[in-house]
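Enquirer: Please put together the full structure from these sequences, using the hints given.
Take 12 as the starting number for the sequence shown in my numbering and just add one per residue.
Per label pair, the in silico range of CB-to-CB distance: (1) Arg30 - Tyr51: 29 to 39 Å; (2) Leu53 - Ala33: 24 to 34 Å; (3) Trp56 - His25: 38 to 48 Å.
These are calculated hints, taken from the structure and not from any lab test.
Just so it is clear, CB atoms sit at the ideal spot from N, CA and C, and this is done for glycine as well.
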Amino acid sequence: MNASRSTARTAPLHPAQRRVAAGMLIGGAVGFVWAGAMLYTLASWIF
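Expert: Shown next as structure tokens:
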């Protein structure tokens, strides 16, 4: 996964591809935070 990311970073990107990559990064971060919040909420309910 790290290898593919480094190769994608060194490759020249078109603005559209860069926008898609940024959107995927932002979406992934939001999803990660949302999942963490859900787990935290479930844990607080259980414990």
